[in-house]
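K.L.:
Given next are the chains, with one letter for each unit.
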Amino acid sequence: MLGEGIIKGMVETARNFVGSYSDPERLTTVEYPEDKIPAKENARNFPFLVYDGDDAARGLRCVACQICEKECPPKCIYIVKSKDKKPDYIGKPQFYPAVFDIDVSVCMSCQICVEVCPFEAIKMDTEFELSNPDRFGGLLQDKHRLAKSNEYYHKIHETEAAEVDARLAAEKAKAEAKARADAEAKAAAAAKAATAAATPKPAPNPTTVAPAK
Amino acid sequence: MQAAFAIIAALTLVSAIAAMSLRNLVHCALCLAVAFAGLAAMYLQLDAQFVGFAQVLVYIGAVAILVVFAILLTRSGQPVPHSVVSRSWIAGVAIAVLVFCVLTRVILSSSVSQRSLPAKPSPTVREIGNQLMTWYVLPLQVIGLLLTAATIGAVIIAMNERKSAGGDHRVTADQGHGHGHLAAPTGLNEGNATSIASETGSESPAHYPQPEREREVLAK
Amino acid sequence: MIIGEFFRGLFLMIWRVATDQPEAKADLLAVFPPSARPVISAVLTVSPIIGIFATLFALTTLLERKGLGRIQNRLGPNRVGPFGILQPVADGLKMLTKEDIIPRSADALVHFLAPVVLAVPTILAFAVLPYGRNLVPVDMDAGILFFFAVGASTELAIFMAGWSSRNKYSLLGAMRAIAQMISYEIPLIISSVSVIMIAGSLSPVEIIAQQGRYLAGGFVPHWFVLTPWGLAGFIMFLIASLAESNRSPFDIPEAESELIAGHLTEYSGFKYALFFMAEYFGMFAVSGLAVTLFLGGWHAPFEFLEIVPSYVWFFAKLMGLVCLFIWVRGTVPRLRVDQLLNFAWKFMLPLSLLNLVVAAVWHFTAAWEFPGAGLGRWLLGAVMIGVPYVWLGRALSGSKKITQRTYRFAD
Numbered sequence: 001m002l003g004e005g006i007i008k009g010m011v012e013t014a015r016n017f018v019g020s021y022s023d024p025e026r027l028t029t030v031e032y033p034e035d036k037i038p039a040k041e042n043a044r045n046f047p048f049l050v051y052d053g054d055d056a057a058r059g060l061r062c063v064a065c066q067i068c069e070k071e072c073p074p075k076c077i078y079i080v081k082s083k084d085k086k087p088d089y090i091g092k093p094q095f096y097p098a099v100f101d102i103d104v105s106v107c108m109s110c111q112i113c114v115e116v117c118p119f120e121a122i123k124m125d126t127e128f129e130l131s132n133p134d135r136f137g138g139l140l141q142d143k144h145r146l147a148k149s150n151e152y153y154h155k156i157h158e159t160e161a162a163e164v165d166a167r168l169a170a171e172k173a174k175a176e177a178k179a180r181a182d183a184e185a186k187a188a189a190a191a192k193a194a195t196a197a198a199t200p201k202p203a204p205n206p207t208t209v210a211p212a213k
Numbered sequence: 001m002q003a004a005f006a007i008i009a010a011l012t013l014v015s016a017i018a019a020m021s022l023r024n025l026v027h028c029a030l031c032l033a034v035a036f037a038g039l040a041a042m043y044l045q046l047d048a049q050f051v052g053f054a055q056v057l058v059y060i061g062a063v064a065i066l067v068v069f070a071i072l073l074t075r076s077g078q079p080v081p082h083s084v085v086s087r088s089w090i091a092g093v094a095i096a097v098l099v100f101c102v103l104t105r106v107i108l109s110s111s112v113s114q115r116s117l118p119a120k121p122s123p124t125v126r127e128i129g130n131q132l133m134t135w136y137v138l139p140l141q142v143i144g145l146l147l148t149a150a151t152i153g154a155v156i157i158a159m160n161e162r163k164s165a166g167g168d169h170r171v172t173a174d175q176g177h178g179h180g181h182l183a184a185p186t187g188l189n190e191g192n193a194t195s196i197a198s199e200t201g202s203e204s205p206a207h208y209p210q211p212e213r214e215r216e217v218l219a220k
Numbered sequence: 001m002i003i004g005e006f007f008r009g010l011f012l013m014i015w016r017v018a019t020d021q022p023e024a025k026a027d028l029l030a031v032f033p034p035s036a037r038p039v040i041s042a043v044l045t046v047s048p049i050i051g052i053f054a055t056l057f058a059l060t061t062l063l064e065r066k067g068l069g070r071i072q073n074r075l076g077p078n079r080v081g082p083f084g085i086l087q088p089v090a091d092g093l094k095m096l097t098k099e100d101i102i103p104r105s106a107d108a109l110v111h112f113l114a115p116v117v118l119a120v121p122t123i124l125a126f127a128v129l130p131y132g133r134n135l136v137p138v139d140m141d142a143g144i145l146f147f148f149a150v151g152a153s154t155e156l157a158i159f160m161a162g163w164s165s166r167n168k169y170s171l172l173g174a175m176r177a178i179a180q181m182i183s184y185e186i187p188l189i190i191s192s193v194s195v196i197m198i199a200g201s202l203s204p205v206e207i208i209a210q211q212g213r214y215l216a217g218g219f220v221p222h223w224f225v226l227t228p229w230g231l232a233g234f235i236m237f238l239i240a241s242l243a244e245s246n247r248s249p250f251d252i253p254e255a256e257s258e259l260i261a262g263h264l265t266e267y268s269g270f271k272y273a274l275f276f277m278a279e280y281f282g283m284f285a286v287s288g289l290a291v292t293l294f295l296g297g298w299h300a301p302f303e304f305l306e307i308v309p310s311y312v313w314f315f316a317k318l319m320g321l322v323c324l325f326i327w328v329r330g331t332v333p334r335l336r337v338d339q340l341l342n343f344a345w346k347f348m349l350p351l352s353l354l355n356l357v358v359a360a361v362w363h364f365t366a367a368w369e370f371p372g373a374g375l376g377r378w379l380l381g382a383v384m385i386g387v388p389y390v391w392l393g394r395a396l397s398g399s400k401k402i403t404q405r406t407y408r409f410a411d
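Protein chains in written order, with our numbering: chain A, 1 to 213; chain B, 1 to 220; chain C, 1 to 411.
Do not take every clue at face value.
[To be verified] Calculated from the model, a selection of chain C residues having no Cβ within reach of chain B, i.e. all distances over 10 Å:
#	residue
1	Ala26
2	Phe83
3	Ala316
[Said to hold, decoys possible] With a cut-off of at most 20 Å between alpha-carbon atoms, the simulated SDA-like pairs for lysine to any residue come out as follows:
#	chain 1	residue 1	chain 2	residue 2
4	C	Lys25	C	Lys168
5	C	Lys346	B	Leu73
6	C	Lys66	A	Phe128
7	C	Lys168	B	Ile71
8	A	Lys40	A	Thr159
9	A	Lys186	A	Ala198
10	A	Lys8	C	Ser248
11	A	Lys40	A	Phe128
12	A	Lys148	A	Cys107
13	C	Lys346	B	Ile71
14	A	Lys81	A	Lys36
15	A	Lys8	C	Asn73
16	A	Lys92	A	Arg58
17	A	Lys172	A	Phe95
18	C	Lys94	C	Ala273
19	A	Lys36	C	Pro77
20	A	Lys8	C	Pro333
21	A	Lys36	C	Lys25
22	A	Lys8	C	Thr331
23	A	Lys36	C	Pro103
24	A	Lys75	A	Glu115
25	C	Lys66	C	Gly84
26	C	Lys94	C	Tyr272
27	C	Lys346	B	Ile152
28	C	Lys168	B	Ala149
29	A	Lys36	C	Leu75
30	C	Lys25	C	Val46
31	C	Lys66	A	Gly19
32	A	Lys92	A	Ala183
33	C	Lys66	A	Arg15
34	A	Lys75	A	Cys110
35	C	Lys346	B	Gly153
36	C	Lys346	C	Leu392
37	A	Lys86	A	Asp55
[Said to hold, decoys possible] Here are the in silico distance ranges between beta carbons for each label pair:
#	chain 1	residue 1	chain 2	residue 2	range
38	C	Trp378	A	Glu12	28 to 34 Å
39	A	Glu12	B	Met20	54 to 60 Å
40	C	Arg336	B	Met20	48 to 54 Å
Because the hints were derived from the structure by calculation, they are not lab data. Think of the CB as a built atom: it goes at the ideal place given N, C-alpha and C, for glycine as much as any other residue.
Just chain A, with the same shape it has in the complex:
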């Protein structure tokens, strides 16, 4: 009969109305500033720079390669490369960003900077309360504000951070192994050269060994 559906619907909404008073479980909303829903692990909002260790200035993984700056669709990243170099996590000397700014008001949270970074240096944060009374300085975040520790990264994206760490550790191990192998090879070569030099057979040219490194 015509009108039956409306009656059913009104009974349903009445049930909601009464139920929302008697059963707080029904309320789907959260009283935001007081209560917050913990961020989901895959949540992402705004990038930050990861650093290892305790010192943000020294541990920064970023090497100022400027790939993210080039790839950023809305061009919200601004990087100035340093003049000098400092050792990275492997110990290899690398450049570091003298200036690294991201404009909050321009960033569109696309995560492309994260995808393209070969050094696992930039990651997405779950922090979303970015509003600021100062619309110039407050919205342009410099590298000191962007830098967050690897522990923080572990806290917000546990699985992903573990993968990244494993990968970095593997790379570091590989690099170390390679360095060790190099060193061994060098030592072997040196030993060989030494033995060769020790033999009565005259050495062709001792200088050829020395600069071989």
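On the provided structure of chain A, position chains B and C as indicated by the hints.
P.N.:
Showing chains B and C alone in chain A's frame:
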């Protein structure tokens, strides 16, 4: 009382003249609505409540709306570029004055004006209803029949239009329709008020725009 | 001395209004010179009406937001003041301090006049409603007609708002509003005509007086809603008044999702507030008329409850209807334009005309004398309106086959 009459009369006249002479058609229609309201106020001032309210309900509530609708559906609301006053306006005014003089002369000389004014009646709505249902029942029924026929005719026109959709025919049909809009609603609305009253035996007038208009709206 | 008289008159007036006595203003008016009395009297009548309904408006906006929230399993506004009670104040302040924007290409005069032309008739409509036993602002012979006349003139205001904004959404909204209001005014008026026919009067006071009797030892009021034609008329009146006041599910003229806000698109600040207020005032007025016509006006539901002041009952019924409107808004989705007009012309109009016939039958069977006549009469009326309702409902909705919808362009 005199002052109130003067204000209302001036308002009605000014808005009626504006309704004729403004360039923007929608402004004209709105001025016409003001003139209707002035007339209603005039009726109310004469203690004719029923007629005054019926005037507001039918003319402002329905006729003005339908005029506005007709304007919007037939052409754009752009003001006309040239002057709205015809070049031969002197002749027109002269003829109008002449006709007015003749009519005045005739009325003044007729026996109607010699009669003394009847005692001021105090018509209650109940009396009006009784009169309509007893003494004037035949005219009421005839008007009701006429307007029902008009409504049915309008519906039939609208149905035919839907069948023959497409091509040049459609365009001409639309144009023909536009004229119909302007002319038809006045009669229809007044009429259905009375026709409904006749059916119900009550005095409440209801206006009754033909469904064709709604279909037109849908088509847009 | 004069001041003493003034305060005596004032307190007497308040006391008399509170206790349902007639001639409440007489003592206060006697203080003033005779030439000033009509103006003072009008002010004394008008200002409480506007004050009370403005307060009711503020309360209703809060009630609506809270109620809709609960219907959707939310809390509703709860930030301003305890439980969000001060939310209407915050809304009002926001409206008043906002910039008043007039589009450059708008027709400035008409754009300015539209909210005024809308607000005046909606407030005028309160003039004829009887709020209590002796609380009628204007006891007019053609009161109901006056109500519908001023209600009809709001349509032009909405058209003015839509057209003068020079915005296609506004114009579309205005056209829809007019089509809808014209269509639903007919069932609205015809369903109230049945009451007028039975009561034999266009005066709200007279109509309420006819509903003032009690049957069955004072426990069944003689309200028109308790008759078959009255019930059908009341439901149709409510549906049509929902459409007249542009409320959901008939809010297509200001459909936010398709027309932004229809004729309200180009309005801001105080003018927008006026439109908003006029909408709610219209809802109150039409609910007040429904209370007057069908729910016995200010009469109590049971005879022994007549001790309670009459205006309490009037406003209780009014707020009950407003809550029903809010409930419907929280439940029913918006109609499409064609559904809306089809419903008006193919369903509401025939049924309301038929309801007139039922009312006439009811009127002429009043003389039945045989035992069980009352029940028989009731059943006859119920069958006369119920069977066509079911049949028409089947005919209109049954012809549609529900099939898989196919999309021509979207696949």
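K.L.:
Determine for every hint whether it applies to the structure shown.
P.N.:
Cross-check of the supplied hints:
1. Ala26: With a cut-off of 10 Å, alanine 26(C) remains clear of chain B, as the shortest Cβ separation is near 26 Å.
2. Phe83: About 42 Å separates phenylalanine 83(C) from the closest Cβ of chain B, which puts it past 10 Å; holds.
3. Ala316: Label holds. Min Cβ-Cβ 28 Å, cutoff 10 Å.
4. Lys25(C) x Lys168(C): Violated. Lysine 25(C) to lysine 168(C) sits at ~51 Å, over the 20 Å cutoff.
5. Lys346(C) x Leu73(B): The hint is violated at about 24 Å.
6. Lys66(C) x Phe128(A): Cα-Cα ~28 Å, so violated.
7. Lys168(C) x Ile71(B): holds, 16 Å
8. Lys40(A) x Thr159(A): OK: lysine 40(A) and threonine 159(A) at ~12 Å, within 20 Å.
9. Lys186(A) x Ala198(A): Holds, at about 18 Å.
10. Lys8(A) x Ser248(C): Answer holds: lysine 8(A) to serine 248(C) is near 17 Å, not above 20 Å.
11. Lys40(A) x Phe128(A): With a Cα-Cα distance of about 12 Å, the restraint between lysine 40(A) and phenylalanine 128(A) holds, given a limit of 20 Å.
12. Lys148(A) x Cys107(A): Holds, because 18 Å separates the two Cα atoms, which is no more than 20 Å.
13. Lys346(C) x Ile71(B): Distance of about 27 Å is beyond 20 Å: violated.
14. Lys81(A) x Lys36(A): violated, 39 Å
15. Lys8(A) x Asn73(C): holds, 18 Å
16. Lys92(A) x Arg58(A): Holds: lysine 92(A) and arginine 58(A) sit about 13 Å apart, inside 20 Å.
17. Lys172(A) x Phe95(A): holds, 18 Å
18. Lys94(C) x Ala273(C): Holds, at roughly 10 Å.
19. Lys36(A) x Pro77(C): Holds, because 18 Å separates the two Cα atoms, which is no more than 20 Å.
20. Lys8(A) x Pro333(C): Since the Cα atoms of lysine 8(A) and proline 333(C) sit roughly 14 Å apart, the hinted pair holds (cutoff 20 Å).
21. Lys36(A) x Lys25(C): violated, 58 Å
22. Lys8(A) x Thr331(C): holds, 10 Å
23. Lys36(A) x Pro103(C): Outside the cut-off at roughly 42 Å; violated.
24. Lys75(A) x Glu115(A): Holds, at roughly 15 Å.
25. Lys66(C) x Gly84(C): holds, 9 Å
26. Lys94(C) x Tyr272(C): Between lysine 94(C) and tyrosine 272(C) the Cα gap is close to 11 Å, so the pair holds against 20 Å.
27. Lys346(C) x Ile152(B): holds, 15 Å
28. Lys168(C) x Ala149(B): violated, 37 Å
29. Lys36(A) x Leu75(C): This hinted pair holds, its Cα atoms lying about 16 Å apart.
30. Lys25(C) x Val46(C): holds, 13 Å
31. Lys66(C) x Gly19(A): Roughly 14 Å separates the two Cα atoms, so the pair holds.
32. Lys92(A) x Ala183(A): holds, 16 Å
33. Lys66(C) x Arg15(A): holds, 15 Å
34. Lys75(A) x Cys110(A): Holds: lysine 75(A) and cysteine 110(A) sit about 12 Å apart, inside 20 Å.
35. Lys346(C) x Gly153(B): Distance of about 18 Å is within 20 Å: holds.
36. Lys346(C) x Leu392(C): holds, 9 Å
37. Lys86(A) x Asp55(A): holds, 14 Å
38. Trp378(C) x Glu12(A): 28 to 34 Å: Since tryptophan 378(C) and glutamate 12(A) have Cβ atoms about 31 Å apart, the given range 28 to 34 Å holds.
39. Glu12(A) x Met20(B): 54 to 60 Å: holds, 58 Å
40. Arg336(C) x Met20(B): 48 to 54 Å: At 40 Å between Cβs, range violated.
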